[in-house]
Each structure stands twice: as C-alpha cells, then as structure tokens.
Amino acid sequence: MMHVVLSTAEKATETGGAVVPERNTQFVLAAVLGLLFALGTFLVLRRDIVRVVWGVTIISQAANVYLVTMGGLGGSVPFVGHGTHGASATTDPLVQALVLTAIVIGFGTTAFALVLTYRVYQEHGTIDLAELGDSHE
Amino acid sequence: MSNYVVAPMVIALFTAILTLVVRSQPRLQRSVSLLGGLGYATAVGYLVYLVFTGPILTYQLSNWAAPYGIVLVADKLAGFMLAMGAIVMVAALAFSVRYIDEFGQQVSYHPLFHFMLVGITGSFLTGDIFNLFVWFEVMLMPSYVFVVFYSGAKHTRAALQYTVLNLIGSAVMLLAIGGIYATTGTLNMADLTIRLANPEAFGIAVEPVVGLAALLFSVFALKAGIVPFHFWVPAAYEAAPAPISAMLSGVTKKVGIYAIVRLLFTVFGAAQLDLGPFGEGSMLLFFGPIMLVMAIASMLIGGYAAVGQSNVDRLLAYSSISQVGFILLPLGIVATIPLSGGTLGTITIGETIYSIPIGISTSQLHVLGIVATLLYSLNHAVAKSLLFLVSGTIYESVGSIDIGKLGGLARTRPFLSGAFLLGGLSLVGIPPLLGFFGKLTVFNTASAAVVAGQDVGTIGVVAALLGAVFTIAYISKAWTDAFWGAPSPEVERATRPTALIAIVVVVALLLVVLGAGLDPIYEGADSAATAALDRQSYVEAVALSDAGVKP
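First to last, the protein sequences are chains A and B.
Going by my numbering, the first sequence wraps up at 554, each residue one higher than the last.
Going by my numbering, the second sequence wraps up at 1594, each residue one higher than the last.
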C-alpha cells in the first residue's frame, strides 16, 4: 500500500505535475472501500447492538475514505510552498477539509450511540435486538 | 444589510450558550430561553420582511467569495420556511416551559432546543451542499437526545432506531456529496446549477448526477419521513416530549421538504438530458414519477395505519406520514410534466456568458405545484404541532393518552377539545381554516394537470381523495372515542393545566386567522415558489466570482 502511494507521487512529479494516478492505487482503494462498506453493512444487520453501532461507524468511516478519493488520487501534500511544480501537483485540499468536518461529527455521534447502547442495556437488560423487539409489543 | 442574514442563527446560538451558562438559576434560564426564542422570532420576522420587500440577501462567510467560501442565501423560499418554523418554535417553547419537569429543563432542555433551532435555521439558509450536511447534523444531534429525553425503556428503544437510521442516512448523504463534487467540481448550489445547465462548457457529465441526486433525495425523504423511509417516525414522535414532537413534525420534517424543493427544483432541475424511459428534458422528469409513487404510498399507508392506532401520539405520528404525502404529491405531479415554454436566462461570470433554464412554464403549473406544497406544509406545521401540544396537555391533565382511557373530554375540557377539533378539521380541510386552502391548492394542481391533458393529474386527484377519506376517518375516530361520550374515571379525576390550555387555544385561533387572512400568505407562497424556480435570480444573487475551475 505504502509503496503504491509513493510510486504515484513520484510519477506525478516526473510528468511535471499532471495528476495521473496509477491504476493500482485506484484498484486497491476501490477494493478496500467495497470491503469496508460490506463489513459495515454486515455488522449493521447483526442482532447485537454494539455490533450495529460499530457497523454504522465503519460505514461512516468508509464514506470518509471515499470522500478523500473523490478529490483525485496523487499529487503531494497540500501545504503552502510544497507544490513547487504548480498548483496541479498538490492534491485537492477541499475534500480533506470536508473529511475533517465529517470525522468530528462522527466522533460525537459515535460517542452518543455508544452511551445510548449502554442506556438501552440498563433499561431492557439486553442488547439483543430480537429480544428488544419482543419486549415491545 | 446582507449581514443581517446571520442574525437569527447568531441569536439562537447565543441563547443556547447563555442557557448553558445560567444553568444554576432555573428561573433565569427559562427567562433567557423564552427571550431568546422571542428574539429569534423577531429577527426572522425582520429578515422575512427584508426578503419579501427587497432582493435576495446573501452572506459570504468571512468574505470568501462564492463558490470558494460558504454562502448563506436568504431568498423568499427560505424566508417562507423560516417564518413557518418560527411560529411553531415560539408555541412549542412557551409550552415546554410549563410542560417539561424542572429538572429536565435545567439539565439539558433549553440549550438543546436552541441548538436544534440553529441547525434548522442553517439548513434553510445555506447555499452549499456540504454545509447543508453539517446543518443537518447540528439539527439531528439535539433531536437524538430529545427522543431519548425521558430515558425509559420505550424511549431508549425509539432513540436507538432513530439514531441508527439517521447515521446511515448521513453516511449516504456524504457519499452523494462526494460524488457530486467529483463529477461537477463544486459544492456551491448556484455554481452547481450553472454547471449542470452548461455541462459542455465545463467538460462534465450530467448523467452520473442523476443517481447521486437520487441518493440525496432518499436522505431528504428520510428526514421528511416519506414512505418507504418512514419507519422511525411513530416510535420517535411517541417517545419525544410533546413540544418536541410538535417541533419534529412541524419544522424538522419541513427541512426535508425544503431540501427537496431547493435541490431538485432549483439546482438539479437545471440539468437537461436524455432520461431514457422518463423522457428527455429536465432532470425533474426522473424524480416526478418517483415522488408521485412515494407520495401516494405515504398518504395511503400512513392514513390506513393511523385509523387503527389506540394511542393519540401514535395516531398523530402516522397521520404525519400521511400528511407528508399530501405535501409531496403536488411536487410529484408537476415534476412529471415536461416544462413547456420555459425561458432561457443568461448569467455572466467573468468574461463568459452562460445560459440557464428558468423552470417556470407558460401555464405557471410548476409554480402552482410548489405553492400547494408550501401552503400545505404551513397548514401541517401549525395544525399538527397544535395537535401534539393538545396531546401533551391531555397527558398533563389526565395522565394518559391512551384513547381507550379517554372519553368525555369535550364535556369537561371544552377549550382543549375545541382546539383539537380545530386542528383536526384543518387537517381534514374544512373552510375557513388554513387546511382548506392547503388542500384546495393540492387539488387545484392535480386538476390543472388534468386540464393540461396529463393523466398524472387524474391519478393525483384519486389518490388525494382516498387520502382525504383516511384523514376524515382517523380524525373522527380520535374525536368520537377520546372527546365525546361519557367521561371516563381518569378524565373525571383530571387536573386543569390552565397555562397549557391557553397556549393551545392561541395556536388553534392562529389556524383560523391564517385561514381567514390567507391573501398575503398565498401571495407569499406564490413568490416563494417563483423564487424556487427562478434559477437566474438565485445564481445572480450569489454573485459567483469565478466558475471557470474544471473538475
């Protein structure tokens, strides 16, 4: 993974700033994203509430990773003065700002969801969704 | 003058923080909260006045010019929704001061209430789709806490469902936003409108945006509780405190409706493409049939389920699902009909002139559809929050909202029962209440479509009639079982919460006043609907500094 990313950066520099990522990186990231979403969905469909919360967390983190890839792969770190090969040599900083916001929001909601899970356990004596459903009617 | 756009948000934010600071003095905290609420309503009132008498106001955050900075846009559509929210908010806040127990108010109620208000206001005002996501989250987080506010067995269960569904919704919204940014290269709504209308000039493909817009639409439908995204509604409305149920059904739901109108009609509708079986033209043609099916399903499923409920709150919650169908129906009808005679405006950015299609047809049918949605939304906001407040008052007075334990309230609590009757009749659509005009414009849209030779109008009329029959059924069931007949033992022992009844009666009278003095409201809704479709004015107001950046 590390090697692939490095080689992309090198290639971008060689071609004078044109951000053309290698196909490998795209393939690896697409596969990883698919796996993350699959894992998240699998966990959300479990009966254990803690796993459901983890599943939701993984889905939202996968969405963050996806968001990072949407700015285009390749290019160098978007610091001022870093992109000496022209503007296109740095990667798009906007998506990173978006992800930062989304991560902070995710922090809050995950913490809330975990506390809520604990309260559900206190009130119902179970974190099994099937038993929770039976106790309802 | 344009700095004034942020005033309501700033007031709500400061009130939220102040109520946190003065937590140790409950009396002061309640006064601060009420004053802040009134200040917010005043600020919204003045903003609405400015927007309806003058041009669209925009506020560029930190003076970063659009499309690079975040922009807040107060146009007539946003103004209409803000005014609607402010009415419900003042009633709900005044109600909660007497309704929520002292400890609950002191610990978290007031700060959360105002934080939720910040999120709602931001969602109405923002002109940036990622910013819309952020405001949605700001609005949702307090609402999660409110659903679990009483933290009993029922409440934790409802909150879990509500939270998990909305967290998944947020992830889906992020996916859609990321995709839109990758395909079009912008997040600013005005910039997005221009790019979608001139795809060749920017070298972008419009086709993928259809799917991404559909993802966004599903998130808005989740917020609005439209079938098939309605599963969280009954449990959450039942679990939340009554004034919060009033806010959730009256205002938060309308944020979803506003987002549908703003994003689909103003922004995505500008894209012209070949949609295969859906025809060729505006992207709206794709969403028309989908909205129509979802609206009809909501009206019928919600209405049918409401008839069978034995708990007032659950009945009102299912009624909310049904009523949101009425709100969406006119949008679905007009979106299905291809635009005839729409004009082409032009926008100059820098040196380049871009064309932009304006979504108003010669027959004004599209405007009429959005007017129907807005009027019905206003009716539902006031009437449904009134009914939830009545339900809260009954709970405070009788100690139960189980229809089986009620009965004879009309004899012992005539004013409270009168308020329920007015709210119920407004949902049914009896003149001169506001609900009559809401329903009239919905039917008017459907019949105008029939006159224009569109079969979809006929479907709309039949579905709306069926939905109206269900409305009559569940309102009369609630009325006869809970209010008529001999007083039950519980009702005989009931207390008389005078302050709560007074608030409820004022809101009920408001329904009559709004209905009788409809003329300015109708004109307001009409110009708000025109603003939603007049893409040229919207984009011009945002004053894009630059639209030349290619994705």
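To be clear, the hints were calculated from the coordinates, so they are not data collected in a lab.
Please note that the accuracy of each hint is not assured.
[As the list claims (entries may be wrong)] Label pairs and their in silico Cβ distance ranges:
1) Pro1320/B - Ala448/A: 30 to 38 Å
2) Leu462/A - Arg1539/B: 48 to 56 Å
3) Asp465/A - Pro1475/B: 53 to 61 Å
4) Val1064/B - Arg440/A: 19 to 27 Å
5) Val1336/B - Phe459/A: 25 to 33 Å
6) Ser1406/B - Arg440/A: 46 to 54 Å
7) Arg1536/B - Leu462/A: 24 to 32 Å
8) Pro1320/B - Gly542/A: 46 to 54 Å
9) Asp545/A - Lys1448/B: 44 to 52 Å
10) Thr1085/B - Gln539/A: 37 to 45 Å
11) Leu517/A - Asp1445/B: 16 to 24 Å
12) Arg440/A - Gly1088/B: 55 to 63 Å
13) Ser1105/B - Gln539/A: 28 to 36 Å
14) Thr543/A - Val1053/B: 52 to 60 Å
[What the hints assert, rightly or not] Only pairs whose alpha carbons sit at most 20 Å apart, straight line, appear in this in silico EDC-like list of lysine to aspartate or glutamate:
15) Lys1520/B - Glu1583/B
16) Lys1197/B - Glu540/A
17) Lys1197/B - Glu548/A
18) Lys1197/B - Asp1144/B
19) Lys1197/B - Asp509/A
20) Lys1448/B - Glu1323/B
Note that the structure is a prediction, hence the values are computed from the model and not measured.
For each residue, glycine too, the CB sits at the ideal point set by N, CA and C.
So, going through the hints one by one against the coordinates:
At roughly 33 Å, the beta-carbon separation of Pro1320/B and Ala448/A lies within the given 30 to 38 Å, and the hint holds. Here the CB-CB span from Leu462/A to Arg1539/B is close to 50 Å, well matched to the stated 48 to 56 Å. A hinted range of 53 to 61 Å for the beta carbons of Asp465/A and Pro1475/B is consistent with their spacing of about 55 Å. A beta carbon spacing of about 56 Å between Val1064/B and Arg440/A contradicts the range 19 to 27 Å that was offered as a hint.
For Val1336/B paired with Phe459/A, a C-beta distance near 30 Å keeps the hint of 25 to 33 Å intact. Checked against the hint of 46 to 54 Å, the pair Ser1406/B and Arg440/A passes, with Cβ atoms roughly 52 Å apart. In this structure the hint that Arg1536/B and Leu462/A lie 24 to 32 Å apart at CB is violated, the actual value being about 47 Å. The supplied range of 46 to 54 Å is met by Pro1320/B and Gly542/A, whose beta-carbon atoms lie about 52 Å from each other.
Take Asp545/A and Lys1448/B: their Cβ atoms lie about 32 Å apart, and the range 44 to 52 Å is violated. Distance hint check for Thr1085/B and Gln539/A: the Cβ-Cβ separation is about 43 Å, which falls inside the suggested range of 37 to 45 Å. At about 48 Å, the CB distance of Leu517/A to Asp1445/B disagrees with the hint of 16 to 24 Å. Against the hinted window of 55 to 63 Å, the Cβ-Cβ separation of Arg440/A and Gly1088/B comes to about 58 Å, which satisfies the hint.
Separation of Ser1105/B from Gln539/A is about 45 Å and departs from the stated range, judged on CB atoms against 28 to 36 Å. Between Thr543/A and Val1053/B the Cβ separation comes to about 45 Å, which falls outside the hinted range of 52 to 60 Å. Proposed proximity of Lys1520/B and Glu1583/B is contradicted: the alpha carbons are some 51 Å apart, above 20 Å. Annotation: proposed proximity of Lys1197/B to Glu540/A holds, straight-line Cα distance about 9 Å (limit 20 Å).
The straight-line distance between the Cα atoms of Lys1197/B and Glu548/A is roughly 13 Å, inside the 20 Å bound, and the hint therefore holds. Annotation: proposed proximity of Lys1197/B to Asp1144/B holds, straight-line Cα distance about 19 Å (limit 20 Å). The suggested pairing of Lys1197/B with Asp509/A is violated, with an alpha-carbon distance near 46 Å, which exceeds 20 Å. Between Lys1448/B and Glu1323/B the alpha-carbon distance is near 57 Å, which puts this suggested pair outside the 20 Å criterion.
The structure shown violates the earlier hints numbered 4, 7, 9, 11, 13, 14, 15, 19, 20.
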